[in-house]
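In the order they appear, the protein sequences are chains R and A.
If you read the first sequence in the working numbering, its first letter stands for residue 13, the second for the next number, and so on.
If you read the second sequence in the working numbering, its first letter stands for residue 13, the second for the next number, and so on.
Everything labelled a hint here was simulated from the structure, so no lab data went into it.
Note that the Cβ used here is the ideal one computed from N, Cα and C, for glycine as well.
Incorrect hints may appear among the rest.
[Stated by the list, open to error] Calculated cross-link-like contacts (lysine-lysine; reagent style BS3-like; alpha-carbon spacing at most 25 Å):
1) 259(R) x 433(A)
2) 416(A) x 350(R)
3) 433(R) x 259(A)
[As the list claims (entries may be wrong)] Derived coverage of chain A by chain R (criterion: at least 3 residues anywhere in the stretch with Cβ under 8 Å from a Cβ of chain R; other residues may be distant):
4) 278-287
5) 365-373
There are 2 protein chains.
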Amino acid sequence: MHWATSYEAIPNVQYFRLAEVASHDASSDRQWITRGTSVYDITDFISAHPGGPIILHAAGGSIDPYWKLFTIHASSHVQEILAQYKIGEIASCDLVNGEVPCASIRNPYADDPPRDSRLKTLTENPRNAESPDEALSEDVTPNELFYVRNHFWVPPVKEEEYTFTVELPCGTERTYSLSDLKSFEPHTITATLQCAGNRRSHMSAAVKPTNGLPWNVGGISTATWTGARLADVLADAGLDMRSEEHKSARHADFTALEAYGASIPLSTAMDPRSDVLLAYAMNGTDLPRDHGYPVRVVAPGIVAARSVKWVQKVSIGEEESASQWQRRDYKCFGPNEKRLDWDKAKSIQEMPVMSAITGYRIKKKGGGWLGRQDGQKMLDVWGYAYSGGGREIVRVDVSLDGGKSWDQAELLRGEREDGSKTWAWTRWRYHMADPGDGKVEIAVKATDEAYNTQPERFDGIWNARGNLATAWHRVVVGEDET
Amino acid sequence: MHWATSYEAIPNVQYFRLAEVASHDASSDRQWITRGTSVYDITDFISAHPGGPIILHAAGGSIDPYWKLFTIHASSHVQEILAQYKIGEIASCDLVNGEVPCASIRNPYADDPPRDSRLKTLTENPRNAESPDEALSEDVTPNELFYVRNHFWVPPVKEEEYTFTVELPCGTERTYSLSDLKSFEPHTITATLQCAGNRRSHMSAAVKPTNGLPWNVGGISTATWTGARLADVLADAGLDMRSEEHKSARHADFTALEAYGASIPLSTAMDPRSDVLLAYAMNGTDLPRDHGYPVRVVAPGIVAARSVKWVQKVSIGEEESASQWQRRDYKCFGPNEKRLDWDKAKSIQEMPVMSAITGYRIKKKGGGWLGRQDGQKMLDVWGYAYSGGGREIVRVDVSLDGGKSWDQAELLRGEREDGSKTWAWTRWRYHMADPGDGKVEIAVKATDEAYNTQPERFDGIWNARGNLATAWHRVVVGEDET
Numbered sequence: 013m014h015w016a017t018s019y020e021a022i023p024n025v026q027y028f029r030l031a032e033v034a035s036h037d038a039s040s041d042r043q044w045i046t047r048g049t050s051v052y053d054i055t056d057f058i059s060a061h062p063g064g065p066i067i068l069h070a071a072g073g074s075i076d077p078y079w080k081l082f083t084i085h086a087s088s089h090v091q092e093i094l095a096q097y098k099i100g101e102i103a104s105c106d107l108v109n110g111e112v113p114c115a116s117i118r119n120p121y122a123d124d125p126p127r128d129s130r131l132k133t134l135t136e137n138p139r140n141a142e143s144p145d146e147a148l149s150e151d152v153t154p155n156e157l158f159y160v161r162n163h164f165w166v167p168p169v170k171e172e173e174y175t176f177t178v179e180l181p182c183g184t185e186r187t188y189s190l191s192d193l194k195s196f197e198p199h200t201i202t203a204t205l206q207c208a209g210n211r212r213s214h215m216s217a218a219v220k221p222t223n224g225l226p227w228n229v230g231g232i233s234t235a236t237w238t239g240a241r242l243a244d245v246l247a248d249a250g251l252d253m254r255s256e257e258h259k260s261a262r263h264a265d266f267t268a269l270e271a272y273g274a275s276i277p278l279s280t281a282m283d284p285r286s287d288v289l290l291a292y293a294m295n296g297t298d299l300p301r302d303h304g305y306p307v308r309v310v311a312p313g314i315v316a317a318r319s320v321k322w323v324q325k326v327s328i329g330e331e332e333s334a335s336q337w338q339r340r341d342y343k344c345f346g347p348n349e350k351r352l353d354w355d356k357a358k359s360i361q362e363m364p365v366m367s368a369i370t371g372y373r374i375k376k377k378g379g380g381w382l383g384r385q386d387g388q389k390m391l392d393v394w395g396y397a398y399s400g401g402g403r404e405i406v407r408v409d410v411s412l413d414g415g416k417s418w419d420q421a422e423l424l425r426g427e428r429e430d431g432s433k434t435w436a437w438t439r440w441r442y443h444m445a446d447p448g449d450g451k452v453e454i455a456v457k458a459t460d461e462a463y464n465t466q467p468e469r470f471d472g473i474w475n476a477r478g479n480l481a482t483a484w485h486r487v488v489v490g491e492d493e494t
Numbered sequence: 013m014h015w016a017t018s019y020e021a022i023p024n025v026q027y028f029r030l031a032e033v034a035s036h037d038a039s040s041d042r043q044w045i046t047r048g049t050s051v052y053d054i055t056d057f058i059s060a061h062p063g064g065p066i067i068l069h070a071a072g073g074s075i076d077p078y079w080k081l082f083t084i085h086a087s088s089h090v091q092e093i094l095a096q097y098k099i100g101e102i103a104s105c106d107l108v109n110g111e112v113p114c115a116s117i118r119n120p121y122a123d124d125p126p127r128d129s130r131l132k133t134l135t136e137n138p139r140n141a142e143s144p145d146e147a148l149s150e151d152v153t154p155n156e157l158f159y160v161r162n163h164f165w166v167p168p169v170k171e172e173e174y175t176f177t178v179e180l181p182c183g184t185e186r187t188y189s190l191s192d193l194k195s196f197e198p199h200t201i202t203a204t205l206q207c208a209g210n211r212r213s214h215m216s217a218a219v220k221p222t223n224g225l226p227w228n229v230g231g232i233s234t235a236t237w238t239g240a241r242l243a244d245v246l247a248d249a250g251l252d253m254r255s256e257e258h259k260s261a262r263h264a265d266f267t268a269l270e271a272y273g274a275s276i277p278l279s280t281a282m283d284p285r286s287d288v289l290l291a292y293a294m295n296g297t298d299l300p301r302d303h304g305y306p307v308r309v310v311a312p313g314i315v316a317a318r319s320v321k322w323v324q325k326v327s328i329g330e331e332e333s334a335s336q337w338q339r340r341d342y343k344c345f346g347p348n349e350k351r352l353d354w355d356k357a358k359s360i361q362e363m364p365v366m367s368a369i370t371g372y373r374i375k376k377k378g379g380g381w382l383g384r385q386d387g388q389k390m391l392d393v394w395g396y397a398y399s400g401g402g403r404e405i406v407r408v409d410v411s412l413d414g415g416k417s418w419d420q421a422e423l424l425r426g427e428r429e430d431g432s433k434t435w436a437w438t439r440w441r442y443h444m445a446d447p448g449d450g451k452v453e454i455a456v457k458a459t460d461e462a463y464n465t466q467p468e469r470f471d472g473i474w475n476a477r478g479n480l481a482t483a484w485h486r487v488v489v490g491e492d493e494t
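Extracted from the complex, chain R is given alone in its bound form (with noise of 0.2 Å):
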């Protein structure tokens, strides 16, 4: 479709003047919009958004600046849905060299908080970044080198005014503010966080590339949360499965502050098992801006995508959320997929295993790196394995040949609070004496406590998407030190 320049000369076409569209804003009875010089009344599609009524900045104005910031737009997709709700067009008069001026718009990442120098920067709006080797070697991470994954900006909240708000099935809907989630039995679970992306980058190096940010070893962290079980709020709040019209309920889907939201089973959500929480606090102290403050979610053993930051509400209800990250992301396809079924993949929950290589050193008895020619080499390596679930690690096996023969690493775990299963990773060291001079690939895989292990290879896994990168981790050591 082509629009020519002179838009009145085209019959059977409306036009606007922008002050005419100006007075559609969020205010208004009908919402109007405009993208390039196209009018739109979104009016009937807020409630449908998948980012929800963050739309209705833009109503009023033209979404173009918007769109730039938010790039998931950029699809055909995207743009069929909202021809279907164009209305005219804007009247040449108002148009500077054939375009409608846009006013700026105030840059949402402005407030966002600032980050430690150590964590390693993916993008900065939103932000994104890995926690450092260090942080990685640790076994609870510290707050401020935890890995951060938004999607948007951080939203400023301030503690007085939060609120959180449980919707039942039948509509009935009950608020909370932070002081009411605190006067419940406080519960307490060191878990392991992980992005369905992390070592995203190993496997669009081992196959061919993939669409999503390019992840190293870092994309996982640990904490100590401590906040109300969901399920207790959710009981207060009234939820009884029991009841006609609550027993058809099936997910449990949260918003957030910002645009975000995605959903867990509400099976999950309902067991006092699944340790699921509605975390004020994280190793001890206020979340961090950057991790959900005042209020997330923590879903351990489930994808770090339904941990949702900021949360302001929870929907029971029998559909999955809505959202484009529930419907359109987090998902995992296989290596053979011409094109990708959304609609019918499931979406990512439970983590499968996983393991990585953090950090490792060479070195001869008396300290210092060895030269080739002493043939008294030591190799320690270290890292981490984890699973989903809540099933423990039961072995880390480490090779030097290529995965021909294995070696058992020594598991670390330190104090934990461990819920009812265990939510945290393992951390694992190796050492040996000789690896032998040159070069050496060290391979690692983890397997869980129901005997699941990791792949050997990427080939057999690999998605267009990058997700749950879980092949035997390999790094090769041993330059040509001298």
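Chain R is already provided as a structure; the job is to place chain A on it using the hints.
Relative to the frame of chain R, chain A by itself:
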């Protein structure tokens, strides 16, 4: 230690006549047995015997014929235990050719039920047999073709004499008749049971021999089970985890009517979503004798070794079952342990993701087998995929080039009684129009909803016991048919 043949000649050794040994039978205050020419007072060992009071069958006589039946005793470990209870030797006047004359014992397998000839027999006594391929290609396995894994004989039980006892941590017992169990609300689930050793023969062939029954793909079957929920029966018997006497309990320890025993975590036993049954019906009829008549445990998603058949008791306590099948078997090690540390290894509970090819055909389009020169082959291949913990199979991938490229099989799911989770296998089918000439290796792997998948090779999971042989299943098809 070597004993001279003329025992009376050895000072400080006490000698007994056979008649005196015979008086120390099961009805005596103290039970004696002989082994070889030595005499043992086993009274204080009986409660620690992994097989329980079955050992009383030998009291008052020689244990040698029993140990010939139960070859598990042929280890230095067992002999060291027995040595602690030695009290003397048999007087030489009672020996015949230097040996204790053994009475023959009744063959305990004489009452075993007849078996369907289509089952693939591994051992006759005890009875172990695989399901035939034709049964593995059905969604629900007919009772008479369900795989059989017995550790002993099939105990003869009269329905009216059958009882099931719950022993609480405080020592309180409550006993139920079969009709008592049937008075609980019946619960029905379709669940797959799989032996820990299924596909063991593939592991042995791929790497090196393992110790155990050489199962092919038929150590797995699926049935629709009806019974009382174990959680309901435990609650009825008075188990209350809030009480001071009960709250430290962690395991539900089952004992069977022959000598078998095994346990599951109490959290699983008590969780209604775990769907653990005291099952009295299998595919709509009474349990067949080979499958636990009149009552067996069905612990879905867990290794079948915990679904104790002919169950007569559950003891709730702090420790796992002391049976050898909990402590010295049904554990899984890695390829790198020189000495198996049984005490440190966790007992297998939830099963890992698994798949297998159970049938295939290659035909020309008009039917019948194809000559190579035709070039118009069609390949159909099918099988099952299964994962533990109630995790659904989300994909089955098939490769014809050793894992370089994959295509997705069609997943088939019949009518099921699903319970809280996906407890039954998923069958799959794959069709290819032209698999090429000559031999083709078909490889299959499955992925479950936690996105765990199967290892490519057996090298990294080989273990001395050959348990959990989950590597990709590979079958070479297309022999040079002309």
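For each hint, the structure was consulted:
Taking the CA atoms of residue 259(R) and residue 433(A), the gap is about 17 Å. The hint holds against a cut of 25 Å. Pair hint residue 416(A) plus residue 350(R) holds up; C-alpha atoms about 16 Å apart against a cutoff of 25 Å. Only pairs whose Cα atoms come within 25 Å are accepted, and residue 433(R) paired with residue 259(A) is accepted, the gap being roughly 17 Å. Three residues within the 8 Å Cβ limit are the bar, and the stretch 278-287 of chain A against chain R gives 3, so the coverage statement holds.
For the stretch 365-373 of chain A, the stated coverage by chain R is violated: 1 residues have a C-beta nearer than 8 Å to a C-beta of that chain, whereas at least 3 were required.
In terms of the numbered hints stated before, the structure departs from hint 5 and from no other.
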